Amino acid sequence: MLTGITVIGMMAAMKKTNPSFLNGVPELLVLRLLARREMYGYQIVEEIRAQTREALAFGEGCIYPYLHYLKAQKQVTSQRREVDGRNRNYYKLTARGRKRLDELTTEWKRVTTGVALLLEEQHA
Amino acid sequence: MRDFIETLRRRLVELGCPMAQVRRLVQEVADHREDLKQAALAEGLAEVGAEVRADVQLGDPLALADHLMAAQRRSSWWGRHFVVTFCLLPLLAFPVLWLLLLLLEMSLAFALGYGWDSKKLHVAVNDPVTFHCFVTVFHFMDYIALALATLLFCWLARRAAVGLKWMVTACAVCSLLTLITWGKIEPHSFFVGFTVNSHLHLQWLRGAIPLAVAGAVYVFERRTRQRFLEKVAD
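For the record, the sequence lines run as chains A and B.
Counting from 1, position 4 in the first sequence corresponds to residue 4 in my numbering; the numbering is continuous, with no gaps.
Counting from 1, position 162 in the second sequence corresponds to residue 162 in my numbering; the numbering is continuous, with no gaps.
Since the hints were derived computationally from the structure, they do not count as laboratory data.
Since the model is a prediction, treat every value here as computed from it, not as a measurement.
Heads up, a few of these hints could be off.
[Stated by the list, open to error] Below, simulated EDC-like cross-link-like pairs (lysine to aspartate or glutamate); rule was C-alpha separation at most 20 Å, straight line:
1) K71(A) x E186(B)
2) K92(A) x D66(B)
3) K99(A) x E54(A)
4) K71(A) x D66(B)
5) K71(A) x D102(A)
6) K74(A) x E38(A)
[What the hints assert, rightly or not] Partial chain A-side listing against chain B, Cβ under 10 Å, derived:
7) L33
8) Q43
9) H68
10) R80
11) W108
Cβ atoms here follow ideal geometry from the backbone N, Cα and C, with glycine treated the same way.
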């Protein structure tokens with residue numbers, strides 16, 4: 001299970017050798033989900049779990065450090081809003097966030113293509 | 001509910017998180033906890049069981065607070081490069097800031113006192129009694145400029161969430177710099193310098209100003225946190 005804490009630890013370990021390998025995976029997932037629609041923290045965690053068929057999951061609380069980091073980087077904005085009698089912070093992607101999402105998606109595809117090629121070669 | 005949220009809140013306050021941020025973060029995590037609890041209740045768990053499961057799912061509140069603060073540190077350049085910002089930057093920026101603030105204050109005093117009329121000013125400085133007042137006011141403005149320049153680094157430390165240690169470090173660097181920067185006025189002249197000048201009066205007082213600012217900010221922060229926690233506890 002890929003929790004936020006696990007990713008942070010792995011990111012530190014990978015930094016010296018290949019900073020772009022796992023660095024930014026949680027960021028990519030969050031930005032990708034927010035590109036579709038505005039969401040709040042609990043919804044994002046649930047959506048990641050459901051859409052990755054529980055292959056990836058954030059620790060419940062670990063989403064907030066990422067969201068606040070993204071907000072400080074002006075990649076997302078937040079707005080407190082009442083829906084169904086509950087007040088929640090809804091996060092929305094900004095133009096900067098969309099640009100970052102494109103960069104991360106390209107980078108991720110490059111890495112996964114490389115890994116896939118290597119795995120295919122081993123099987124052949 | 002109270003234990004988890006209370007522990008998170010206290011830890012954030014202890015780590016020096018700004019109060020507005022604490023309120024927002026705690027509210028958000030409390031909302032998340034409520035969602036987890038509702039999900040557990042929907043699955044048929046009892047109230048107490050649902051609360052326990054929500055707490056377990058959220059994890060350790062102390063670790064969560066640490067991660068939230070780490071995220072805040074990483075989100076600013078100042079927070080990521082705290083050694084550069086709070087040890088090296090003051091060496092360059094503090095004297096420049098001090099000088100700019102001093103010039104600004106002198107310009108304001110000139111505008112308010114003499115309405116930008118240099119002739120009036122020239123007449124005034126020829127009077128020894130008036131000039132003595134000028135010197136006193138100049139020293140006062142010098143101290144204010146030092147305090148404001150130091151305060152800027154304190155504000156930066158708070159904003160970057162790097163903690164008291166780095167704020168005090170920046171203030172100590174500023175304090176050392178005050179010992180080698182000086183300003184002086186004479187009739188019709190104004191001097192600034194970057195040398196050790198033992199002839200200047202009250203140089204030790206200048207050196208004490210950044211440390212006094214650090215102390216005042218520390219006491220203020222401590223009281224604000226204390227009051228915040230008391231208010232929340234009520």
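Results for each hint:
1. A hinted pair counts as satisfied when its Cα atoms are at most 20 Å apart, and K71(A) with E186(B) does not qualify at roughly 52 Å.
2. Among the hinted pairs, K92(A) with D66(B) is inconsistent with the structure: their alpha-carbon atoms are about 25 Å apart, more than 20 Å.
3. As the CA atoms of K99(A) and E54(A) are separated by approximately 27 Å, the hinted pair breaks the 20 Å bound.
4. At most 20 Å may separate the alpha-carbon atoms for a hinted pair to count; K71(A) and D66(B) meet this at roughly 18 Å.
5. Under the criterion of a C-alpha separation no larger than 20 Å, the hint pairing K71(A) with D102(A) is consistent with the structure, at around 17 Å.
6. At most 20 Å may separate the alpha-carbon atoms for a hinted pair to count; K74(A) and E38(A) meet this at roughly 15 Å.
7. Violation of the interface hint for L33(A) is found here, the shortest Cβ-Cβ separation to chain B being roughly 16 Å, above the 10 Å cut-off.
8. Annotation: interface hint on Q43(A) holds; nearest CB of chain B at approximately 8 Å, less than 10 Å.
9. The restraint placing H68(A) at the interface with chain B holds, with a minimum CB-CB distance near 5 Å, inside the 10 Å limit.
10. Because the closest C-beta pair between R80(A) and chain B is about 8 Å apart, less than 10 Å, the hint holds.
11. With 10 Å as the threshold, the beta carbon of W108(A) stays out of range of chain B, its nearest partner Cβ sitting at about 21 Å, so the hint is violated.
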